[in-house]
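Visitor: Going down the list, the protein sequences come from chains A and B.
So the first sequence is residues 114 to 560, counted in our numbering.
So the second sequence is residues 2 to 438, counted in our numbering.
By construction, these hints were calculated from the structure, which means they are not laboratory data.
These numbers were taken from a predicted model, which means no experiment stands behind them.
Even for Gly, the Cβ is constructed at its ideal location relative to N, Cα and C.
A hint or two may mislead.
[What the hints assert, rightly or not] A partial selection of chain A residues facing chain B, derived with a Cβ cut-off under 7 Å:
no.: 1; residue: T218
no.: 2; residue: E280
no.: 3; residue: Q420
no.: 4; residue: S453
no.: 5; residue: K469
no.: 6; residue: S473
no.: 7; residue: G526
no.: 8; residue: S533
no.: 9; residue: A534
no.: 10; residue: S537
no.: 11; residue: E540
Spelled out, the chains give:
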Amino acid sequence: MVEPRASRSDVARLFGRAAFGATAADLDRWAGQPYVAVVDFLVNVPDPATRMPAADDARRILLETSGASLALNQGWWLERMRTTTYPLEERVTLFLHDHFATATTGSGLPDAGMLLRQNQTLRSRSLGNFRTLAGEITIDPAMLHWLSGVSNTRGRPNENYGRELLELFTLGTKPQVYTETDIREAARALTGWTYNAVTRQLAFNANLHDTGSKSVLGRTITNQGALEYLAVVNAALAQPIAARWLAYKLVLNFGYVPDTTDLLTAPDPLVAAVADALGPNWDLRNAVRTLLLADGFRFADAAAGRQSVRQPIELAVHAAKALGFSADNTQLLARLGAMSQKPFQPPNVSGWPVGKNWLSPTTMIARYDLGLTAFNLWAGASVLATPLPASADLTGWTARLGLAALSPVTASGVNNYLTSAPASVPERERQTGVLALLMSSPDWMVM
Amino acid sequence: MTLTRRQFLAGSGALTGLTLLGPVVVRSGLGLAQAAVDPATAQRNRLVIIVQSGGNDGLNMVIPTADVAGAARYSVYRKVRPSIGYDPSVVLPLGRAGDADWSLGLNPKLTTLHDLYLQGRMAVVQGVDYPNHNYSHFASTDIWESGLPQLSNDSGWLGRHLDRMGIGDGELRGVGIGSELPLLLRGRSSQGVEIASLPLRFADGTDAVGDRRHAALKAFGQAVWTDPLRQYAADQAEVTVGTVETLEAAPAPPVTSNSLANSLLSARTLLTQNLGVECVVVYQYGFDTHTNQRVAQEALFTQLDQAIGAFLYGRLGATDLGIGALDATVASRTIIMTTSEFGRRIGENGGASVSGTDHGAAAPMLMIGPGGAGNTGRSLVAGIHGDHPNMGTTLVPADNLVMTTDLRTVYQAVLENWLADPEPGYGSYPSLAGLFA
């Protein structure tokens, strides 16, 4: 029989994967509560269109239009992740940013402000209707620049967005159900959308739109002008594989790497359940709730590798949250750069790596260094910062870092470090070492 | 300096008052290479692969300059690329005294490569691809890196080569420069190591403060974990510390404004230290030129050309980097080759100077060798290899190029003739004829 009450490890894992990590207070508050109540606490986010803006929303709106540097925009989002009342909303927004991966170099187009506006579009739909979002992203200014939509015109189709819309954003390739012809026809239907970076006006230029008849995934699209982009999105999402592809991406991002090669004939059971939960309204909230509640998520077989390698952004924000320092700072951003995961800078249109691909000597060194940086940022945060546990107090460290328990190997490793250090080694140096080791331990990275 | 297994065991019982999940079980280590010169390495041939990520447009790299008997190449090129095509007067002709007339030229930004060609050190392999071309960046990258034209590949062609050479995990024989280990260097029983740059160090340094901690980090991987992903993370911690121990003393290469040159300069140091490194993989990003191709690709070619100059000659453009030319012995045993997941569409997509090209298929590969035999007694044959793909006619230009050279025949040739692989694994795809002599 399934235990209805959440254990400390349930809470640590739920927050670790879906809420940028737990704090000690989160563990104390939710352990022993009904598991469903913890999930609903995370999932029940008021509609961003009608709720009171948060204190940092005004700064976001300023950043969008002020031509502020990319680093300021990145810092804003990281700090929002740390401080939000609704961490799942930011976590799904990060998932959607990875899914509709759009990047800026910080100069040229798309610029940082356009990425931040796209970010708010993602956030506003993060627990809403994915179909609506897919339409909005298709004519999103940052995306129009990133995937050449602004160059896609009548008689001169540019296939860049049309291909990735089908391959990455809606259908996947497990198996590939679209053809090269579908891509070319979709590109024609998407012609005519432009964005003026000076006036910041999105426009549909009918003169640049291909008015001919197109056939996308078996649907004929004729004379719908500025609505044809929606017809393309609808044609894609009408494919039976579309919901399963999105569900696959959700399980991949929040749960584990599903060992599915054919989503149509042999989907992972959790993927199939999450796809069903999307329903006709493409309801992301219900899909994510179904995912987090599922036994296939909660009791996923770790011995079979069904765990999540947390992304660098999750680790950095969790560090800031657990230790109590602002995530909006250049040192943290530099460490994220060394781990190759800065917000608004995915490596390419397929987004960031997943799973084992996050674990290489390059990123391992950066993760360890992040622990050193985290100690310094804690030390510099405030004289009122909550003191860190004594170096040898591993029980205290475990709770402070939002973990339910330490694996014996990690505990032994930390203990060996402490016993190897001569008595003359100062306590702060010991604490720094403990933190760096815990933040590069498998317990912290994989859950 | 390194924690021994005995010390590790002795320390593991000292914890009290903490919830633990089970006993610590110690296993044999990963057999990491240490910072000793590997006597075999000095003799070994080496391979550097530059992956041009995004789909490098081959037709504007190796450019048709005239029609040839039975093939309207230049006139088709000119017709379908009115804005982004190159005039024959500006390209660098690929011809040496006594050559057949290839009617091909290199992009004008590739002056160093052109010079290498004239010296008899560069080979161009035309029309390389695999059957049933896939136009997805990601699927096609997987196929190129795996060397297996089927999807869901589990290993790279160099990774499997390292397997066959009996390489252990973490041994520094195949190294990637970057953040994510490419499929290319993933084997079935072993895998390469990915590093950011040289020298490789933790931020808390290499004195007693850092070393004590790094020994503990390394020990994570010397234990048995019940969960395979945590085991992998722990193994990577161990590999990381072992790699740092090997490379922290390596000389720091110069840091330039050219990111590809920086990667190649780290590669150069790895190869010249004789630490066992045989294959290095570096990436050059930005070739997905759907728009503004002329400007974007020329910048990338300048970066490539200067980076190869830095690697071979220690000069970045006009700047002397103060490191001299690549060691002559290493140079005599090193081949550089470029790959990209696909070439691009024959026709430009916009009809204006900011035009680009959409995803296409077959494209040329470049290979640069020492101009003589390496330790296998085989040498790369400079010049043009393989046939130019059919471009159609001016009335009916081809849409995409169809391959003339199967990539497996190139890999087979490299494995068999250069890397002394005992069993290259492409039995039904014999080495491309004439690429090595």
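Visitor: Once the shortest beta carbon distance from E540 (chain A) to chain B is found, is it less than 7 Å?
Guide: 14 Å, violated
Visitor: Given K469 (chain A) as an interface hint, is the shortest Cβ-Cβ distance to chain B below 7 Å?
Guide: 6 Å, holds
Visitor: Could you check if T218 (chain A) really has its C-beta closer than 7 Å to a C-beta on chain B?
Guide: With a closest approach of 10 Å, the T218 (chain A) hint is violated.
Visitor: Double-check S453 (chain A) for me: the hint is only fine if its C-beta lies closer than 7 Å to a C-beta in chain B.
Guide: Since chain B brings a Cβ to about 4 Å from S453 (chain A), closer than 7 Å, the hint holds.
Visitor: Would the hint on S533 (chain A) stand, with a C-beta cut-off of 7 Å toward chain B?
Guide: 5 Å, holds
Visitor: Does S537 (chain A) hold up as a contact with chain B if the rule is Cβ-Cβ below 7 Å?
Guide: 11 Å, violated
Visitor: Take the shortest C-beta to C-beta distance between G526 (chain A) and chain B; is it under 7 Å?
Guide: Where the cut-off is 7 Å and the nearest Cβ of chain B is about 4 Å from G526 (chain A), the hint holds.
Visitor: Using 7 Å as the Cβ threshold, decide whether A534 (chain A) counts as touching chain B.
Guide: 6 Å, holds
Visitor: Given E280 (chain A) was flagged as interface, is its beta-carbon under 7 Å from a beta-carbon of chain B?
Guide: 6 Å, holds
Visitor: Hold the hint about S473 (chain A) up to the distance rule: shortest CB distance to chain B must be less than 7 Å.
Guide: S473 (chain A) check passes; min Cβ-Cβ to chain B is 4 Å, inside 7 Å.
Visitor: If you take the shortest Cβ to Cβ gap from Q420 (chain A) to chain B, is it below 7 Å?
Guide: OK, holds: Q420 (chain A) within 7 Å of chain B, min 5 Å.
Checked against the numbered hints given earlier, the structure breaks hints 1, 10, 11 and satisfies all the rest.
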